[in-house]
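Listed below are the residues making up each chain.
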Amino acid sequence: MDKLIISPSPHIHSGDSVSKKMQQVFIALVPAYLAGLYFFGIGALIISFTAMISCVVFEYLIQRFLIKGSPTIADGSALLTGILLSFNLPSNLPVWIVIVGSLVSIGIAKMTFGGLGNNPFNPALVGRVFLLISFPAAMTTWPKPIPFNMEYLDAVTAATPLAVLKGQSPEIPSTLNLFLGNMGGSIGEVSALALLIGFAYLLLKKTITWHIPISILLTVFVFTAILYYADPNAFIATPTFHLLTGGLMLGAIFMATDYVTSPMTKTGMLIYGVGIGLITVIIRVFGSYPEGVSFAILIMNAFTPLINTVVKPKRFGEIKKA
Amino acid sequence: MGGIHPKTYKFSAGKQIQAAPIPNQAIIPLGHYLGGPSLPIVKAGDRVKVGQMIGQASGFVSANVHSSVSGIVNKLDSHIDASGYNVPSVFIDVQGDEWLESIDRSIEIGRECTLTSTEIIKKISESGIVGLGGATFPTHVKLTPPPGKKAEILIINAVECEPYLTCDHQLMLEKTEEILIGITILMKAIQVEKAIVGIENNKKDAIDLMKKYAKSFAGIEIMSLQVQYPQGGEKQLIDASIGRQIPSGSLPIEVGAVVQNVGTTFAVYEAVQKNKPLIERVITITGKSVKNHSNYRARLGTPLANIVDHAGGIPEDTGKIVAGGPMMGRALVSLEVTVAKGTSGVLFIQTPEAARKKMQNCIRCTKCVVACPMGLEPYLLMSQSERSMWTEMEKDRIMDCIECGCCSFCCPSNRPLLDHLRYGKSSVGKIIRNRQTKK
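These protein sequences, in sequence, are chains A and B.
The first sequence maps to residues 361 to 682 in my numbering.
The second sequence maps to residues 1421 to 1859 in my numbering.
Simulated from the structure, these hints should not be mistaken for laboratory data.
The structure presented is a predicted model; accordingly, all values stated were derived computationally and were not measured.
Any given hint might turn out to be false.
[Unchecked claim] Straight-line alpha carbon distances no greater than 30 angstroms define the calculated DSSO-like cross-link-like pairs of lysine-lysine that follow:
no.	chain 1	residue 1	chain 2	residue 2
1	B	K1632	B	K1708
2	A	K566	B	K1427
3	B	K1463	B	K1570
4	A	K626	A	K674
5	A	K566	B	K1708
6	A	K363	B	K1430
7	A	K380	B	K1427
8	B	K1430	A	K380
9	B	K1542	A	K672
10	B	K1708	A	K674
11	A	K565	B	K1427
12	B	K1778	A	K380
13	B	K1614	B	K1694
With the hints as constraints, model all of the structure from the sequences given.
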């Protein structure tokens, strides 16, 4: 028997770890990844690997040479940022742009603030929005979904369903196709079915709770329903259409639920989710961008600290003021 | 609210309580409970019998200490206790096992109690009884509500929510009627008509047995509770059993409740009905690698090493030895520590599990907030504690922390949340005390 360890209580631990949490999210992303590979083929493969590798390499290099701290790539968060970033990109994006996006996500949005846990904004979304603003043309030409597409940079492009709403094309895919993912869009966002399977897994494993995704989706549904039924000629998209298109499902389930940038109480999460839903619909319907989820999430990320200050958990024995 | 569900590991459940061997030398601490240490009334060379008082309570919030063995007092000296510090203790060289004649050692159950409420409390006080659930608060103080406050209900804590420990469970299986008589005595002491016994529902045999016997007693309800840690925390138990939450900074009597551990209740029975002061208690010896999981009835002052040897010795892969439960117990420096009034068990934790893992950044996963049974935000309190933000911590209710450890248990980043909470509590507590003395 070696020397006895003396440390304060508690002397047992649940066994949970940051890497376990990351693993759970990775597994939940598998269906969406498979859908992305199916609909967008080789482009999806190239971009997802480029993003994952770049993110890990950048984090390692920054930690080793700039911060001079101990490496943290083993916790899997850089890898996760990589794959989530790639899920938000079109599959015909040139490799060098993906690398720039990764540098922004990891270098600017995460490491400058102190690494994991300290970033105020979702790193993958910061990268994506940076690319959208810097390379608007490249970031808004969407490959058409062709099963196992072997064309990368020369992939045939088509408008996304949301772009259709802005009057850019007469075709809207059927609801079934929207649900399965047979539409133009970012690599990971198209298949609501695949994303929902991932959602179920995350709920089962208790990685996340229902509060953020459901409050976002419900807000979008209700808000767009009000608009649609108020004036179906002006607001031609049904609430279901809004739920299934764009990055809403991906954003609601995987991006807005990022631990670091979302509120710490259930009530806070609901407020956060409603905010994201409202802003998304406002941008989609009244703004000039066809898609608003990324912006909505980043804006609400900014409100998270305020939400945490104002919304406290229910205290035990709290005396209710009469 | 909150709470966690650790694996219960009740390896020693059902193991009949056996008498631990009486040591050659008993080392009885004079102050091993909440309150002022008792003053020795014996000196080296004195002959003592089992049950004889050797330490006198030094004030109201203090307790008498009695010899658990018969023999000759060797010396009064310091000896290590579970906190790792040396405390004043009485060393007694054991000779035979002679008890005071006044103690009734017969096995007959004493059912009648003709004492008044005041007499009962006095008897309990004389017998040196303190809370045996681990907090070791002198029982007679708890039974004496401050002026203006009246007890409405007695709640018996038979929850035993800590993993591994089974002493309360086993006591309920073996001394059911005695416990229920103890409950009626306590009800008489605080003059209430109703008592609830809270038992976690993973102790079904105990619940059934208690229910069966409770039928013969008026006003005693056996309540089956959800298995959750810390269901046995005083505040949590009162909330679960009668739906009242003690306001911040108050005591149970504020909501009309008095809570007593079931082991304490049995000690009360023995004191009042059998004239037996507190000289022994049940402890559990267990751990994943322990061969003979056991429940022992051990005399106070028995070196833990003796009992552990009897149970098969220290397992080879032991990394940590804990006195008490794994969530709130104390890591022992050595097994020379002796059985004290609050020792509920000895746990052997294997080496890989015993060491803390490396701490990472807080990822704001909310697990600690969800787990906190008092509705606090451990992640925030730790950050504040690191920056000595005492004012903010007081506002964020650090003094409500019951130090249960749920937060540290579930943190995926292995952050030492409870360490910082304890530090914050002590710092803020000091500030509050200074503020009050200035008034």
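Checked hints:
1. Proposed proximity of K1632(B) and K1708(B) is contradicted: the alpha carbons are some 34 angstroms apart, above 30 angstroms.
2. Taken as a hint, the K566(A) and K1427(B) pair is honoured in the structure, with Cα atoms around 17 angstroms apart against an allowance of 30 angstroms.
3. For the given pair, K1463(B) sits about 42 angstroms from K1570(B) by alpha-carbon distance, which is inconsistent with the 30 angstroms threshold.
4. As the CA atoms of K626(A) and K674(A) are separated by approximately 10 angstroms, the hinted pair is consistent with the 30 angstroms bound.
5. Restraint check for K566(A) and K1708(B): satisfied, since their Cα atoms lie roughly 27 angstroms apart, inside the 30 angstroms limit.
6. The suggested pairing of K363(A) with K1430(B) holds, with an alpha-carbon distance near 26 angstroms, which does not exceed 30 angstroms.
7. Straight-line distance between C-alpha atoms of K380(A) and K1427(B) comes to about 19 angstroms, which keeps the hinted pair within the 30 angstroms bound.
8. For the given pair, K1430(B) sits about 27 angstroms from K380(A) by alpha-carbon distance, which is consistent with the 30 angstroms threshold.
9. For the given pair, K1542(B) sits about 46 angstroms from K672(A) by alpha-carbon distance, which is inconsistent with the 30 angstroms threshold.
10. As the CA atoms of K1708(B) and K674(A) are separated by approximately 37 angstroms, the hinted pair breaks the 30 angstroms bound.
11. In summary, the hint linking K565(A) to K1427(B) is supported, as the alpha carbons are separated by about 17 angstroms, within the 30 angstroms threshold.
12. About 15 angstroms separates the Cα atoms of K1778(B) and K380(A), which keeps this hinted pair within 30 angstroms; it holds.
13. Using a Cα cut-off of 30 angstroms, the hinted pair K1614(B) and K1694(B) holds, with the two alpha carbons roughly 24 angstroms apart.
When the structure is compared with the earlier hints, violations turn up for hints 1, 3, 9 and 10 and for no others.
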